[in-house]
Amino acid sequence: MVSLSAASLAERDSTGLTFVAEMYGLQQDQLAELLDLTARQIRALIGRWTQRGLAESAILSPGPPWIWLTRAGLQACGLRYTATSPALPRLAHIRATTAVRLALEHAPGYADGGAHWRSERRLRARLGGRLGNREHLPDAEVHWPDSGPAPWAGECWAIEVELTAKTVTRTTAIMRELLARTGDYGCRAAEVRVAGSPPRHDRAIYLCSPGAAATVRRAREALGTLATRIEVRGLPAAAYLQLRQRAETA
Amino acid sequence: MTGRRSSAGATRRAVAALAIACALIVLAPATIVAVLAAGGAWLRGWQPARLYRAAAWCAPMVIAWLIAAASHGSDPLLAPYDAWLAVWHARSAGLLLTAAVDVAPAAVPLGLLLGGLAWSARIADMASAAGGRRPGAAIAFDQRQWRHQARSAAARIAAPGSVPLLTARGDFAAGATIRTVGHPARPLTTLPEARLRAHQVVIGSPGTGKTTLLLRLWAAFMAAGLRRHAAGQGGPPLIVMIDCKGGADARRIADRARRVLRDAGARSFAVWPDDATLNLWTLPPRQLTTTLVDLIEHGTGGAAYYTDVMDAVVALAVDAPPGPPVSSADFLARLDPGWLALAYSAGGYDHQLQLARAAAHQVPDVALRFRTLFRRLGPGLDGPGDFADADAWYCILEGTGELAVAEAQARAVMDLLAGYVVREPGQARPTLLAVDEFSAVARRLPIWQLYERARSLGLAVQVSAQSWHGLAPDEDERYRIATAAEGGIWLLRTAHPEPVTGLAGVRRTVDSSRTLLGFLRWSRQGNSRVRDGPVADPAIIRALDVGQAAYIYRGGVTYTQIKRLVSGPAALAAAPRAAPPPAAEVEAVPAALADISSFLDEAFGTGSA
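So the protein lines, in turn, are chains A and B.
For the first sequence, the numbering used here gives the first residue as 355, with consecutive numbering after it.
For the second sequence, the numbering used here gives the first residue as 15, with consecutive numbering after it.
Hints are computed from structural coordinates only; laboratory data are not their basis.
Idealized CB from N, CA, C, for every residue including glycine.
Any given hint might turn out to be false.
Just the calculated beta-carbon pair ranges, DEER-fashion [said to hold, decoys possible]:
1) GLU459(A) x SER611(B): 55 to 65 Å
2) ARG366(A) x ASP263(B): 38 to 48 Å
3) ASP263(B) x GLU545(A): 34 to 44 Å
4) ASN293(B) x ARG444(A): 27 to 37 Å
If you want the footprint, here are the derived chain B segments under chain A, 3+ residues with CB under 8 Å [to be verified]:
5) 21 to 28
6) 373 to 385
7) 398 to 411
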């Protein structure tokens, strides 16, 4: 017989582990926000995961420790990703993307519409290492099922998180590529862009830091009629890595 | 008397040789290991220290073996003797494998130690030219050892994952060490990451692997900088590479740099002026005036008068009351006597108005020169764009095709970079300025001035050239650059390495001579003397193979086999800038999209970024 607390624990484990796996890894505070747990509870949960060999935890950047799944953890989730710690140069980006996902999932319309987050890690895994140098991969896709009540049901959105500004030319090129793509990631080369076929991404949602927003806006202006399919918003406040100085002053 | 003494000496030597031979036979297992170890070290070109380290690593095995012996009731102190006895008994019984296993814990470390000592004695003997049957044997030995060491280093870098870009400690790994003089001998050539943020010099003839080395240095700077940034120890790194040769070759290198730096973590890479632009008009007005005047070539002597006139006219156009110009078209529109008079006609500018009227005759000439200059420069400096827009910039100057244009571009790019660093000091971005063959375009910005400016701005400068003479126009400047390279000097194969190897200094070596007894017969008697020899041997530098480099730093040199970075597949041709969208894209735009603003407001708050 399984007690109620044990059942909810198992559900938390499953939700948390899958989320961590899809995002490469995440910081303790974001995991606490996802599972709605206190700092003490989340430390206990992470301790249990690491004890079972499902996850590893370490301080990789300023702020709370990072958690990522081991090979055993990924296998427990049924995912065939390569088990590795989050790459240090990408920590800031991973945190920002996670914050965007959390913000979206907390919005009432997201759950009501039955939306589904398809992470960059999943997209990359579909490509199987065949990502061309010029082929751009969005930071995530959000799929809205046809059956949902939202007016945008049936759409697929490309999510782009911009912490640092690229050149306007490069950003425009990425926007065009996202909006012109017709095939799924990992499809045959001939299906990537097929004239006349409906685009894969109905819209691209750009979540920008203040430093990158101006470049993204200028790039959107350069798109002409396609600009209507680009949405530019600011990143949530929790998207940034906690700098050491900030932590000290706090 | 002499004959009796020499006969006694010969007897002593014979007895000693006999005793050593007996000891080696008695210690046969250790002797076999020693012979194999010394032979292996000779074949692979290892230093004796490596054998000593291997012997030290056997310590856990020896301890475990002694503990096992003690647990079986034997005296641990007598365990080696017991093992030695057991070996001979097992050998007598024909059980060679059992004998080898029994004695291995004692014989392996002892043999490695003996092998190391023997190999060390051999190297010292040959280094002083006292060993070998003939005096030339030492030279042949050294050349053979170089071949063995180079072969081992090449094999090491060929193994996948054997040479990471950054080690676990964050040091930069350049490749596999071939040989060191005055530096610690390690299998990998590693440099502290801080040395990447200091001035460096790279010299190498075409086709010797200079670009491979530069790409590795740039990737390491980027990866290490991002690692520090992630740890909250500084801003994101910025690399500005200036290729002063131009042409198709520069584009090919730019593409390689793009792939390598993206793999190293760079999020954005800009190639100027091909797919990105900079904005000259963002410079502060005072600096803008100086830069604009310096972009135009002008003479000395009587021509200085025209220079002063031009300076005055440009200052009038830049400092005009409406504010500094925002584009070349705006600037050219201001180079008009009527415009200048009108701009300064409001009260309070009497002096400037007088100046504008006095220079009215020269203004059209000045305008003509700038119109020509901007036409030749193209749109690359007319914005929009800033060094903040990308993590890495590859600036291509057409120094081979259009020297005058390249000189002007070099001046402008340098001023823009200096302006960017001064303007945003709070960001504290570690910046590397890598210039290749800069001396070719350095007429208007002497390279020593570049060094001084970079130092004052906190930039690291990496100067690369195909030869010592390509480093700077005159000898004084070359030495000034080479001696200021606190991050070290990388020397690939080059025909004239002496000035650089001279900077590595000398070291004391022992040189021996021998007596010639007759035709091809040398005595083993002779004299040895201490003499000064170069730390970095110019003959070795001249004979370096492709991918081999000498790293000179603090009176020592490390010869290394550079590990080539393997990047992703070659990029497709860049899409032309501002190209109209293909028809397919236009057709694919959905007819009407639902408004998602309310949903995004719920998730991210109201208002766009």
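These are the hints, each one checked on the structure:
{"no.": "1", "hint": "GLU459(A) x SER611(B): 55 to 65 Å", "result": "violated, 19 Å"}
{"no.": "2", "hint": "ARG366(A) x ASP263(B): 38 to 48 Å", "result": "violated, 58 Å"}
{"no.": "3", "hint": "ASP263(B) x GLU545(A): 34 to 44 Å", "result": "holds, 36 Å"}
{"no.": "4", "hint": "ASN293(B) x ARG444(A): 27 to 37 Å", "result": "holds, 30 Å"}
{"no.": "5", "hint": "21 to 28", "result": "violated (count 0)"}
{"no.": "6", "hint": "373 to 385", "result": "violated (count 0)"}
{"no.": "7", "hint": "398 to 411", "result": "holds (count 6)"}
Hints 1, 2, 5, 6 from the earlier list are contradicted by this structure; the remaining hints agree with it.
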